[in-house]
Amino acid sequence: MDALLTAVALRKEFGGLVAVNDVDFTVPRSAIVSLIGPNGAGKTTFFNMLTGVYKPTAGAVIFDGENVTGKPPHAITNRGIGRTFQNIRLFKEMTSLENVLVGMHGHLKGGIVRTILRTPGLRREEREAREFARHLLQFSGLRGRDDRLAASLPYGDQRRLEVARALATKPKLLLLDEPTAGMNPQETAEFTAFVSKLRTEQKLTILLIEHDMRVVMGVSDRVTVLDYGERIAEGTPKEVQHDPRVIEAYLGTAAVPT
Amino acid sequence: MSEPLYPGAKVRDALRDSWKVWRHKWAILGRVGLTEERWRAWPLVVRRVVIAALVGAILLLIIGPFSGVDASALVTYAVFVALYVPSWKRLGRSGRWVIPLAFLLLAVTFPYYTDKMFTIPVLGAFPSTSTAVVMLIYVMMGVGLNIVVGYAGLLDLGYVAFYAIGAYTCASLASPQFGKTTRSFGAVDVVKGIGGIHISIWLLLVLAGILTSLLGMLIGLPTLRLRGDYLAIVTLGFGEILPQIARNGDNFFNTGINVTNGPQGITPIDGIGFGHTLHSAVGLPANYLTAANSDRLFFWTAIVLVLFTIFCSLRLRDSRLGRAWVAIREDETAAAAMGVPLMRTKTLSYAIGAFFGGVAGAYFAEFTTGANPDSFSFNFSVFVLVAVILGGMGNVWGVLVGAAFLAYLDQAGLADTGAWLNTHLHINIDVPKYEFGIYGVILLIVMLFRPHGLIPEARHKLEFEQGVADEPLYDVSH
Numbered sequence: 037m038d039a040l041l042t043a044v045a046l047r048k049e050f051g052g053l054v055a056v057n058d059v060d061f062t063v064p065r066s067a068i069v070s071l072i073g074p075n076g077a078g079k080t081t082f083f084n085m086l087t088g089v090y091k092p093t094a095g096a097v098i099f100d101g102e103n104v105t106g107k108p109p110h111a112i113t114n115r116g117i118g119r120t121f122q123n124i125r126l127f128k129e130m131t132s133l134e135n136v137l138v139g140m141h142g143h144l145k146g147g148i149v150r151t152i153l154r155t156p157g158l159r160r161e162e163r164e165a166r167e168f169a170r171h172l173l174q175f176s177g178l179r180g181r182d183d184r185l186a187a188s189l190p191y192g193d194q195r196r197l198e199v200a201r202a203l204a205t206k207p208k209l210l211l212l213d214e215p216t217a218g219m220n221p222q223e224t225a226e227f228t229a230f231v232s233k234l235r236t237e238q239k240l241t242i243l244l245i246e247h248d249m250r251v252v253m254g255v256s257d258r259v260t261v262l263d264y265g266e267r268i269a270e271g272t273p274k275e276v277q278h279d280p281r282v283i284e285a286y287l288g289t290a291a292v293p294t
Numbered sequence: 004m005s006e007p008l009y010p011g012a013k014v015r016d017a018l019r020d021s022w023k024v025w026r027h028k029w030a031i032l033g034r035v036g037l038t039e040e041r042w043r044a045w046p047l048v049v050r051r052v053v054i055a056a057l058v059g060a061i062l063l064l065i066i067g068p069f070s071g072v073d074a075s076a077l078v079t080y081a082v083f084v085a086l087y088v089p090s091w092k093r094l095g096r097s098g099r100w101v102i103p104l105a106f107l108l109l110a111v112t113f114p115y116y117t118d119k120m121f122t123i124p125v126l127g128a129f130p131s132t133s134t135a136v137v138m139l140i141y142v143m144m145g146v147g148l149n150i151v152v153g154y155a156g157l158l159d160l161g162y163v164a165f166y167a168i169g170a171y172t173c174a175s176l177a178s179p180q181f182g183k184t185t186r187s188f189g190a191v192d193v194v195k196g197i198g199g200i201h202i203s204i205w206l207l208l209v210l211a212g213i214l215t216s217l218l219g220m221l222i223g224l225p226t227l228r229l230r231g232d233y234l235a236i237v238t239l240g241f242g243e244i245l246p247q248i249a250r251n252g253d254n255f256f257n258t259g260i261n262v263t264n265g266p267q268g269i270t271p272i273d274g275i276g277f278g279h280t281l282h283s284a285v286g287l288p289a290n291y292l293t294a295a296n297s298d299r300l301f302f303w304t305a306i307v308l309v310l311f312t313i314f315c316s317l318r319l320r321d322s323r324l325g326r327a328w329v330a331i332r333e334d335e336t337a338a339a340a341m342g343v344p345l346m347r348t349k350t351l352s353y354a355i356g357a358f359f360g361g362v363a364g365a366y367f368a369e370f371t372t373g374a375n376p377d378s379f380s381f382n383f384s385v386f387v388l389v390a391v392i393l394g395g396m397g398n399v400w401g402v403l404v405g406a407a408f409l410a411y412l413d414q415a416g417l418a419d420t421g422a423w424l425n426t427h428l429h430i431n432i433d434v435p436k437y438e439f440g441i442y443g444v445i446l447l448i449v450m451l452f453r454p455h456g457l458i459p460e461a462r463h464k465l466e467f468e469q470g471v472a473d474e475p476l477y478d479v480s481h
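In order, the protein sequence lines correspond to chains A and B. Sequential numbering from 37 applies to the first sequence in our numbering. Sequential numbering from 4 applies to the second sequence in our numbering.
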C-alpha cells in the first residue's frame, strides 16, 4: 500500500528522558490508523513531532513524498496535516464560524493592501470562505451554531468544532488526539460514526490517538501500540488485541496467558 | 452568589447594593403604577423621550449650580435629543449613517463652537482647538497601538520608540539639520540660502510611517519570538534605547555625525501646506504655520489622519489577518496548528501598529515644530497603553474615547480641575504633578468596575450574553 505518512526512526529526548525511542511508523493512504498505549507512553509527543510543535531529536518525517522534519507547524499544516488537540484548544472568544475561518488562513490570500482597499476579488474570496465554513459546520453537525462563541458550546460540540476547524485546513491527513475523551457512551458512538463518515465522504486519511478500545477496534484498519516511547506492536485490531506484549503493557505480566 | 468573574466584582456589587434605589427601581416605580412590563409595552420613542427628559433634569441639577445653564448647554441638549430620540435605524441603510455622520459633522465644526461652549463642572472649559489637535494625535497613537495590544494581544511597552522615530524622521528631513547638503523637494517657505534637506511634510508623513514600520519589523523579528511577559520586557528596553539614541545622536561613535542634534533636539521644522501656487489657484492653505487659522488647519488635517487610521484598523479587524491576530491572542499553539504563520502575522501587526505610531510622531513633531528627546519618555508608552486599556482593548471606538479623554486630561483637564479645586477648597495643590498617580487610580477603577474597558470589544460583550460552558451548572457557593 502507498504510504501517506512515514516516520523513520523518530526520536525525542527531553533532557535524559527518552519520550519517543526510534519509532518507525507508517500511515497508508485513506486508512484509519490508531495509536494506542498507556498514559505517558509518548503518543502525544509523537503527534507533536509529526505536526512540527516539537523538533525531533533524530529521525525523519516523510509526508506525501516530502521530508517535513523540523518544519514549523504552519508549514506542515499547509502541506496537508490537520489536527485536533487532546485538551480542547478552540479560540474561545471567537464564534464557531470564525474558528473555522482561521483554519482556512493558509488557503486565503488577502494581504494588507487588498484588505484595506477591500477589492472585489477579496470580497468574493471572503464570501466563498464563509460559505465553505458554513458547509463544514453543517457537515460536522453544528448547523445553526455559526454565531455562537466557541466557549459557550456544549462539550461534545466543541469537539466537533475542533474537527471542523481542522477540516478547514483542507488536510490530506487528519490527526485526532483523544477525540472522545470525556464523552458519554452515546456521544462516543456518534463520534465514531462521524469519523467513519470523514473517511468515506471527505476521502481523508485519519490517525487517531484513543483510549476507548471500542472506538479503536470499531474504526481502525491498523493499530500501533506504544509503551515507554517504544513501538511494541503493530497490526490489525484483532492481531494487536491478542498480542501478549500489549496485554502485558496494559494489564501487567500476570494477565498474559501462558 | 456565583463565583465573581473578576476580583472587583464583589466590591462593585456592594456599591451597587448601596444604591438601593437603582436595584429596587421597579419595586419603587411599581408603587406609582409603573411596572417593568408596562414600561416595556410603551413605544420605543416614548421611552426614549422619558429617558431624555430624565437626562435633561439630571444635567440641569449638575450643571445649573456650577456654571449656570446658558444657550450653548440648551443647544447641546437639543442635539442630543435630536440624535437619541428618533430611531434612525428604522430608515434602513441610509439611517445607519445618520449618527456617525452627525458625529463627524460635530467633530469637523468643533473649532467654530468650542469657545462658545458652556463650562463643564470641575473639568472647566471645552478643550481649545490646539488641545484638540494633540487629542487627535493621541487617538491615532491609541488606535495604532490597539492593533498590537488589542487585536494581536502582544504587550508592547515601548510604543514611544515608534513615535520618536516618526518625529525624528520628519524633523531631520525638513529642517536645516543636515546643513552641509542642500536638497529641497516640495517643501514650502524654505528660507533662501539655508542648508539642510527639505522634503515636503506630506511626503514625510508617509515616509515616516514606512520607515517606522520597517524598523518595527527589525525590532520585531528578534523580540516577537518571545511570549507574554518576556516580550513586554524587551519592548520596554527598546522604548528606553531609542530616546537615548536620540539624546546622544549628535555625535555617533565620535565620528562627528550629527543626526538628532542631541539634547537640544531639532527645531524649527518647515511648514506643512500646499504651497503658494495651489494657494493662489484654488485657495488651499499655503503654509499652516503662517496661516491665520493655523490651529484649525492642523485640526482638520488631524481629523483626516484619524479617519484614515480608524478606517484601516476596522478593515483589518474584519479580515483574514484580523482573525489570525485574535487567534494568536487566544492560543498561539492552536493558531500555528491551523496554518497561521506566527512570526509573519505578529510582525505584521507590529509593523502596522508602528506605521501609525510613526505617522502620529511625524505629525506631532510638525505641529510643535520640533523633535526633542525629552518628549519620548517611558511615561508616554504607558500613557498610550492606559488609553487603550481604559477605552477597551480591541475596540476602536473605545480606544478613541479613552485616548481623547486621557489626552484632554493631560493637556488641559487636570490643570483646570486643579484650579477649580484650589479656588473652591482654598488649598494649593499642583494637580497636574500627580498626573500618573491619577491615571493609576483611573486604571484601578476601570479594572474593578469595567475590566474590559469603557466600551468593550464585541467579543467580550458576547461572552457576557452567552456565558461560557465551563461555568458551574448549579450554584456551588450556597
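Treat the hints with care, as some may be off.
[To be verified] Here are the simulated EDC-like pairs of lysine to aspartate or glutamate, each with C-alpha atoms no more than 16 Å apart in a straight line:
1) K145(A) x D321(B)
2) K128(A) x E167(A)
3) K91(A) x E49(A)
4) K183(B) x D73(B)
5) K128(A) x D100(A)
6) K128(A) x D253(B)
7) K206(A) x D257(A)
8) K239(A) x D257(A)
9) K128(A) x D73(B)
For the record, the hints were derived by calculation from the structure and aren't laboratory data.
Outcome of the hint check:
1. This hinted pair checks out: K145(A) and D321(B) have alpha carbons roughly 14 Å apart, not beyond 16 Å.
2. Proximity of K128(A) to E167(A) is assessed by CA-CA distance (about 22 Å); at most 16 Å being required, the pair is judged violated.
3. The hinted pair formed by K91(A) and E49(A) meets the criterion: a straight-line CA distance of about 10 Å does not exceed 16 Å.
4. With a C-alpha separation of about 59 Å, the suggested pair K183(B) and D73(B) falls outside the 16 Å cut-off, and the hint is violated.
5. Taken as a hint, the K128(A) and D100(A) pair is broken in the structure, with Cα atoms around 33 Å apart against an allowance of 16 Å.
6. Restraint check: the Cα-Cα separation between K128(A) and D253(B) comes to about 51 Å, which exceeds 16 Å; the hinted pair is violated.
7. Between the alpha carbons of K206(A) and D257(A) the distance comes to roughly 23 Å, so the proposed pair goes past 16 Å and is violated.
8. Restraint check for K239(A) and D257(A): satisfied, since their Cα atoms lie roughly 15 Å apart, inside the 16 Å limit.
9. Of the pairs offered as hints, the one joining K128(A) and D73(B) is violated, with about 51 Å between alpha carbons and a cut-off of 16 Å exceeded.
The structure does not agree with the numbered hints 2, 4, 5, 6, 7, 9 stated previously, though it agrees with the rest.
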